[in-house]
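Q: One letter stands for each residue in the lines below.
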Amino acid sequence: MQGISLEAAPSAESAAPSEAMEASSIAVSASSVGHSFGRLETLRDVSIEAARGETVAIVGPSGCGKSTLLELIAGLAQPTAGEIAVAGVTAAGERLDRCAWMPQRDGLLPWRRAVDNAALGLRLSGIGRREARERASVLLRRLGLGEFESSYPRELSGGMRQRVAFARTLLAGRGVLLLDEPFAAVDAITRADLQVWLRQTLREEGRTTLLVTHDVEEALYLGDRVLVLSPRPGQVVWDATAPPPRPAEDRAAEVNSPQFVELRRRALERLAEAMRT
Amino acid sequence: MSPAPRTRLATVLAPLLLVGLLIGAWQIASDTGALASLLGLEPFFVPSPAEIATSLWEDRSILAENAWVTLREVLAGFSVALVLGVVLAAILHLSPVLRRAVYPLVVASQTIPIIVVAPIFVIWFGFGIGPKIAIIALICFFPIVVNTLDGLAQAPADSSRLMRSLGAGRLRTFTTLEAPTALPYLFSGAKIAVAVAVIGAVFGEWAGASSGLGYLMLLDAPQVGQVPRLFASVFVLSAMAIALFAALALAERRLVWWGSER
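Residue numbers (our numbering), protein chains in the order written: chain A, 1 to 277; chain B, 1001 to 1262.
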């Protein structure tokens, strides 16, 4: 495992996890996590930390176990090795209460209107229909979906569906956001728009976020920090802090800046290296 | 404009046209005696469509009376199977242990030929409507249970995990996600069931009855003069099954308005 930090970011192999971390500033920590499906090893010795309010993007090739990593953190599956803590809590059932997970497929219920899909988590946690709808409706308006709150999922474009799913995730009211390839299913132009929109929204929300993607550019654009995973069994092969100065609301300008291009080059290099071995 | 209206017209017209052609051919074949000689039968055994239509009209009151009896049996038996089938499917879905134990029995229940069961039920439950309902329910039960059970398992794994991550327990996941997902499958099962229900009714009536279309057929079968009415009974019976099937298809479109999986 190699830790390369561009800023003064702690490298992956530095310092023992759980003990050394300050419970207040570290929202998510996974230490030496391993996972296998039967004899198939999906993750090996993965250690990651996310500070409160930080967005960590995890990028890796298909099948490297990055989705599994999110599910492990969410408490939806059990690691076969290592320990995971979310907000200082390690038991899977309790982690579940502290994570808002957004699966790769939007998972919208086709028989519910956008507003009721967004309110699903609120309803399931026992909040009355009217209040749940009201809160969902406020959020949908804020996410630019005000006109579509009464639409059914089949009436929405792929990008809108993702945003409704994201609203549902935000409203789940659980601390850490775990986003699994949120834009994998939409076209390239919509995808770029959604990335701008998501970064803006995440900044406003200030929620700790772990985001999984197979797109290096997306990871660098959205993440405060970027981790590169090797192919199965997934291992962290690169841990970098993405460029913090992000003045531009112009995505194209930022993505084409020399700093960004250099980062992308190095990330891809790491990825290619990991794929070869 | 979309080509929808034209397509819809075609889907209605095409089968009507085909049926019309077949009936026309049948009529001609009967009138010329070709059909009877082809089958090696006396002409009065092979009624023409016109003769059957005449019987439908002239015997309308006796046909309607007996059709009403059969329809009631079918509706009652189907309803019993629907309620029991859906409840059992839900229970088996929620309890894998029970499912492993009970499912083979459900399958086994289908391997007993209904024609053998019918007289036994009549001996047990008498000549009333009871044994008919039991037989029809037994026939309808299987497709409803199997399809509903399949449907309940169709919710994507991601969606089930999502429900769990949103704090839903087993039961809430069932009512919020799995039950609506299973609805189109339930309808598939119900449509198959209702189509075979009339067969169950006829077997039930053959095993012992004093009214119903099956009974009327038994009554007419040995009588040479009643061959057209025998055919008329068959016609009414199959019209009944088609109407019930169509009613369910309509209900499905109403209740599963979001359309099943894309």
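Hints are supplied without guarantee of correctness; some may be wrong.
[What the hints assert, rightly or not] Simulated restraints, written as ranges between beta carbons of each label pair: (1) B:1156 - A:129: 49 to 57 Å; (2) A:125 - B:1150: 44 to 52 Å; (3) B:1259 - A:268: 36 to 44 Å; (4) B:1172 - A:203: 30 to 38 Å; (5) A:190 - B:1258: 48 to 56 Å; (6) B:1094 - A:93: 16 to 24 Å; (7) A:78 - B:1100: 41 to 49 Å; (8) A:146 - B:1169: 51 to 59 Å; (9) B:1246 - A:104: 38 to 46 Å; (10) B:1172 - A:90: 48 to 56 Å; (11) A:157 - B:1156: 41 to 49 Å; (12) B:1150 - A:90: 21 to 29 Å.
[Stated by the list, open to error] Interface residues of chain B toward chain A, partial, derived using beta-carbon atoms under 8 Å: (13) 1158; (14) 1165; (15) 1166; (16) 1168; (17) 1170; (18) 1171; (19) 1172; (20) 1175; (21) 1177; (22) 1179; (23) 1180; (24) 1184; (25) 1254; (26) 1258.
No wet-lab data here; the hints were simulated from the structure. These figures come from a predicted structure and were not determined experimentally. From the three backbone atoms N, C-alpha and C, an ideal C-beta is built for every residue, glycine too.
Q: Kindly indicate which numbered hints from before are broken by the structure, ordering the numbers from low to high.
A: Per hint list: 1, 2, 5, 7, 8, 10, 11, 12, 17, 18, 20, 22, 24 and 25 violated.
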